[in-house]
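Colleague: We have chain A already, so just place chain B on it with the hints.
There are 2 protein chains.
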Amino acid sequence: MSKSLDFLTEALRRLPGVGPKSAQRMAFHLLQHDREGAAMLSRALYQAVDAVHHCAMCNTFSETEVCDLCADEQRDRTLLCIVETPADQMMIEQTLTYKGLYFVLMGRLSPLDGIGPKDLHLEKLISRAADGDVKEVVLATNFTNEGEATAHYISEMLKARGLKVSRLARGVPVGGELEYVDAGTIARAMLDRRSA
Amino acid sequence: MSKSLDFLTEALRRLPGVGPKSAQRMAFHLLQHDREGAAMLSRALYQAVDAVHHCAMCNTFSETEVCDLCADEQRDRTLLCIVETPADQMMIEQTLTYKGLYFVLMGRLSPLDGIGPKDLHLEKLISRAADGDVKEVVLATNFTNEGEATAHYISEMLKARGLKVSRLARGVPVGGELEYVDAGTIARAMLDRRSA
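First to last, the protein sequences are chains A and B. Counted the way my numbering counts, the first sequence spans residues 2 to 197. Counted the way my numbering counts, the second sequence spans residues 2 to 197.
Here chain A stands alone, though its shape is the one from the complex:
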């Protein structure tokens, strides 16, 4: 086998979820059937590593000092929504129900993986939330154990600084049939029931 091919196969293994067999299959495919795609991917990687940094305000990926969303004067600067990833942020944007700004953690607290408060740059979040404009922080981390723990930690931290903190409502999903919803979700929906 050629050295460049070995190097390519090894480099492809750096992608998450790609093992030795997949990496080899990908390398063969690109060289045999899609050299144009390989060249395009090479350029895209180079360009992204070079150009993509973190927004100074919300911490998401951005090519400019401040991302487009944070720079948008139309957004409500009194609301700050905290999400784990840019993908989560996009999901919330798609709902068209939120007009405030965001802070993207780029992860979650996960002691088992060695990710503590320092790794999440929570000091950046504190200074962001304490800018004087922000009145309410909406916690929209995932409803997993780690997401909940992260929300709890950030909640305590920000409440201690006098900020109003809220969390996305938990309950039965839209379209959910009680028979097929897990008991934990129904218990939560019962405890959080609202006047109809």
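The set of hints was computed from the structure by calculation and includes no laboratory data. Treat the hints with care, as some may be off.
Any copy will do: because identical chains look the same in the list, a pair fits if it lies in one copy or spans two.
Cut-off 20 Å, straight-line C-alpha distance, at most; resulting in silico cross-link-like pairs (EDC-like, lysine to aspartate or glutamate) [stated by the list, open to error]:
hint, residue 1, residue 2
1, LYS4, ASP51
2, LYS4, ASP89
3, LYS100, GLU37
4, LYS125, ASP193
5, LYS165, GLU11
6, LYS22, ASP114
7, LYS22, ASP89
8, LYS136, ASP7
9, LYS125, GLU11
10, LYS119, ASP35
11, LYS4, GLU64
12, LYS100, ASP120
13, LYS4, GLU94
14, LYS160, GLU149
15, LYS119, GLU11
16, LYS119, GLU157
17, LYS22, ASP69
18, LYS136, GLU180
19, LYS125, GLU157
20, LYS160, GLU64
21, LYS136, GLU178
Only a predicted model underlies this, so the values are computations on that prediction, with no experimental measurement involved.
Modeller: Using the frame of chain A, we list chain B on its own:
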């Protein structure tokens, strides 16, 4: 989202088996946790596209005009083994039972996918097999429908030119228990039985 990130996500989708969600996850992972890996993959792709071509003799990936194996004077030049992919070739090399040369088809006949004799560059194989040194061609394409059809087609083509053509033996795999081997394999092993 930043343009470079969109471009990277789109480029990652050119990899086989990578859909929109995986591509996004890969892009986020590389930018957030492994920028070094991203830069390395960029270089590896660029280098492979630039340096890797096809061996003039056996058609496998090679950085030199003729690959190391074809250039090896120790190999038996009267034997030519035909395989579908470089991965298949590596498997045969690992068995240490074959000392001849190879021809790598880089595919198989597959009319449903629009891959006919011309796409496989079979004219390159014919001129290779007719070099005067080759006495026997061993067909080692896969034992799938397409691999068998490819073997049959090549076999007819080369026998018409007076070459001796053989095929890897079919039968019960080593370690196989008859109870768990499929009937087609046992039928084949019965028909091809050898004196013990």
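Colleague: It remains to establish, for every hint, whether it holds in the given structure.
Modeller: Here's how the hints hold up against the structure:
no.	hint	in the structure
1	LYS4 / ASP51	between (26 Å within a copy, 12 Å between copies)
2	LYS4 / ASP89	between (40 Å within a copy, 18 Å between copies)
3	LYS100 / GLU37	neither (41 Å within a copy, 36 Å between copies)
4	LYS125 / ASP193	neither (32 Å within a copy, 73 Å between copies)
5	LYS165 / GLU11	neither (49 Å within a copy, 40 Å between copies)
6	LYS22 / ASP114	neither (26 Å within a copy, 23 Å between copies)
7	LYS22 / ASP89	between (31 Å within a copy, 12 Å between copies)
8	LYS136 / ASP7	neither (55 Å within a copy, 33 Å between copies)
9	LYS125 / GLU11	neither (36 Å within a copy, 31 Å between copies)
10	LYS119 / ASP35	between (42 Å within a copy, 18 Å between copies)
11	LYS4 / GLU64	between (35 Å within a copy, 8 Å between copies)
12	LYS100 / ASP120	neither (28 Å within a copy, 55 Å between copies)
13	LYS4 / GLU94	between (46 Å within a copy, 18 Å between copies)
14	LYS160 / GLU149	within (16 Å within a copy, 70 Å between copies)
15	LYS119 / GLU11	neither (31 Å within a copy, 32 Å between copies)
16	LYS119 / GLU157	within (16 Å within a copy, 69 Å between copies)
17	LYS22 / ASP69	neither (40 Å within a copy, 23 Å between copies)
18	LYS136 / GLU180	neither (40 Å within a copy, 72 Å between copies)
19	LYS125 / GLU157	within (16 Å within a copy, 71 Å between copies)
20	LYS160 / GLU64	neither (32 Å within a copy, 62 Å between copies)
21	LYS136 / GLU178	neither (36 Å within a copy, 71 Å between copies)
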